[in-house]
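Here the protein sequences line up with chains A and B, keeping their order.
Numbering-wise, this note's numbering puts 26 at position 26 of the first sequence, and it's gapless, one number per residue.
Just remember that this note's numbering sits 112 ahead of the position in the second sequence, which is counted from 1.
Just so you know, the hints here were simulated from the structure itself, not pulled from any lab data.
Even glycine gets a Cβ: it sits at the ideal position worked out from N, Cα and C.
Check the hints yourself; a few may be wrong.
What the hints assert, rightly or not - Partial list, computed: chain B residues near chain A (C-beta under 7 Å):
#1 Gln-153
#2 Gly-154
#3 Glu-168
#4 Phe-219
#5 Ser-221
What the hints assert, rightly or not - Simulated coverage check for chain A against chain B, where a stretch passes if three residues somewhere in it have a Cβ under 8 Å from a Cβ of chain B:
#6 44–50
#7 97–106
Said to hold, decoys possible - Partial selection, computed: residues in chain B whose CB lies under 10 Å from chain A:
#8 Ser-139
#9 Arg-143
#10 Tyr-145
#11 Gln-149
#12 Gly-152
#13 Ser-170
#14 Asp-175
#15 Phe-177
#16 Ser-178
#17 Met-201
#18 Ala-205
#19 Ser-207
#20 Thr-209
#21 Lys-216
#22 Leu-217
#23 Gly-220
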Amino acid sequence: GQNIDQPTEMTATEGAIVQINCTYQTSGFNGLFWYQQHAGEAPTFLSYNVLDGLEEKGRFSSFLSRSKGYSYLLLKELQMKDSASYLCAVRLPSGGSYIPTFGRGTSLIVHP
Amino acid sequence: DTGVSQDPRHKITKRGQNVTFRCDPISEHNRLYWYRQTLGQGPEFLTYFQNEAQLEKSRLLSDRFSAERPKGSFSTLEIQRTEQGDSAMYLCASSLTWDTNNEKLFFGSGTQLSVL
């Protein structure tokens, strides 16, 4: 079966750094995405990795190791507005195409 | 670019009734997805369209669910004979797949369905 795992909840302090991990055991892989979702809102795109290594974009970075089935999202200089759910999604093969398939999400709480 | 829009934002219905939701994707996007999300979970794939063709449906999707995208633009999702377990947020997303690896999804705000 397809399995995408993330911690359910994390807490961190404003100004700190937090790392949110995602592991996957899947048959097939064609890229991994991170999305941010504030409560009651739609998910919004944060990052995309298809090759191994680190992708940096401002305060957010995402890392991928395909051999380990592992990714993380790194958030630096945390702000209160970063309190949200962070969704890991893997593009999985299905019927000749690829379907973005989501983990359950990690709820991040940033406190003062 | 007005983004992905969904209508209605909220729907309350009685068990056994039929409901229909609409999604208008970003105009040049060729792919359209429907997902369902419950509290504390990630979006669960339901079905997707490439232009007007429905290419994949989740095996979890019962025959009470049907979706259309008649002209390759807007899409509708209909649930017949609703059950309380259908209560969820129904999310629509669209993407442009010229670059088939980096498929960035743009989500609508969703339709929150409550079945009483």
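A quick look at each hint next to the structure:
With a least beta-carbon distance of about 5 Å to chain A, the hint placing B/Gln-153 at the interface is held under the 7 Å criterion. Hint status for B/Gly-154: holds, given a least beta-carbon distance of 4 Å to chain A, under 7 Å. The closest approach between the C-beta of B/Glu-168 and any C-beta of chain A is roughly 5 Å, which is under the 7 Å cut-off, so the hint is satisfied. For B/Phe-219, the shortest C-beta to C-beta distance to chain A is roughly 4 Å, which falls under 7 Å, so the interface hint holds.
With a cut of 7 Å, the hint placing B/Ser-221 at the interface with chain A holds, because the nearest CB-to-CB distance is about 5 Å. Figure legend: the stretch 44–50 of chain A, annotated as covered by chain B; annotation consistent (4 residues with Cβ-Cβ distances under 8 Å, at least 3 required). With 9 residues carrying a beta carbon less than 8 Å from a beta carbon of chain B, the stretch 97–106 of chain A meets the three-residue requirement, and the given coverage holds. The beta carbon of B/Ser-139 is not positioned within 10 Å of any beta carbon in chain A (closest approach about 18 Å), and the interface hint is therefore violated.
Taking 10 Å as the C-beta contact cut-off toward chain A, the hint placing B/Arg-143 at the interface holds, the least distance being around 9 Å. Evaluation of the B/Tyr-145 hint against chain A yields a held restraint, the C-beta minimum of about 7 Å falling below 10 Å. The restraint placing B/Gln-149 at the interface with chain A holds, with a minimum CB-CB distance near 9 Å, inside the 10 Å limit. A cut of 10 Å between beta carbons decides the hint on B/Gly-152: the least distance to chain A is about 7 Å, and the hint holds.
The restraint placing B/Ser-170 at the interface with chain A holds, with a minimum CB-CB distance near 9 Å, inside the 10 Å limit. For B/Asp-175, the interface hint is violated, since its Cβ never comes within 10 Å of a Cβ in chain A; the closest pair sits about 19 Å apart. Given the 10 Å rule on beta carbons, the hint for B/Phe-177 is violated: about 16 Å separates it from the nearest Cβ of chain A. Interface restraint check: B/Ser-178 against chain A, minimum CB-CB distance 18 Å, threshold 10 Å, status violated.
Taking 10 Å as the C-beta cut-off, the interface hint given for B/Met-201 holds, the closest approach to chain A being about 9 Å. Interface hint status for B/Ala-205: upheld, as the beta-carbon distance to the closest one in chain A is roughly 8 Å, under 10 Å. Hint status for B/Ser-207: holds, given a least beta-carbon distance of 8 Å to chain A, under 10 Å. Hint status for B/Thr-209 relative to chain A: holds, with the closest Cβ pair at about 9 Å, below 10 Å.
The interface hint given for B/Lys-216 is met, as the beta carbon of that residue sits about 5 Å from the closest beta carbon of chain A, less than 10 Å. Taking 10 Å as the C-beta contact cut-off toward chain A, the hint placing B/Leu-217 at the interface holds, the least distance being around 6 Å. About 6 Å separates the beta-carbon of B/Gly-220 from the nearest beta-carbon of chain A, less than 10 Å, and the hint is met.
Against the hints set out earlier in the document, violations occur for numbers 8, 14, 15 and 16.
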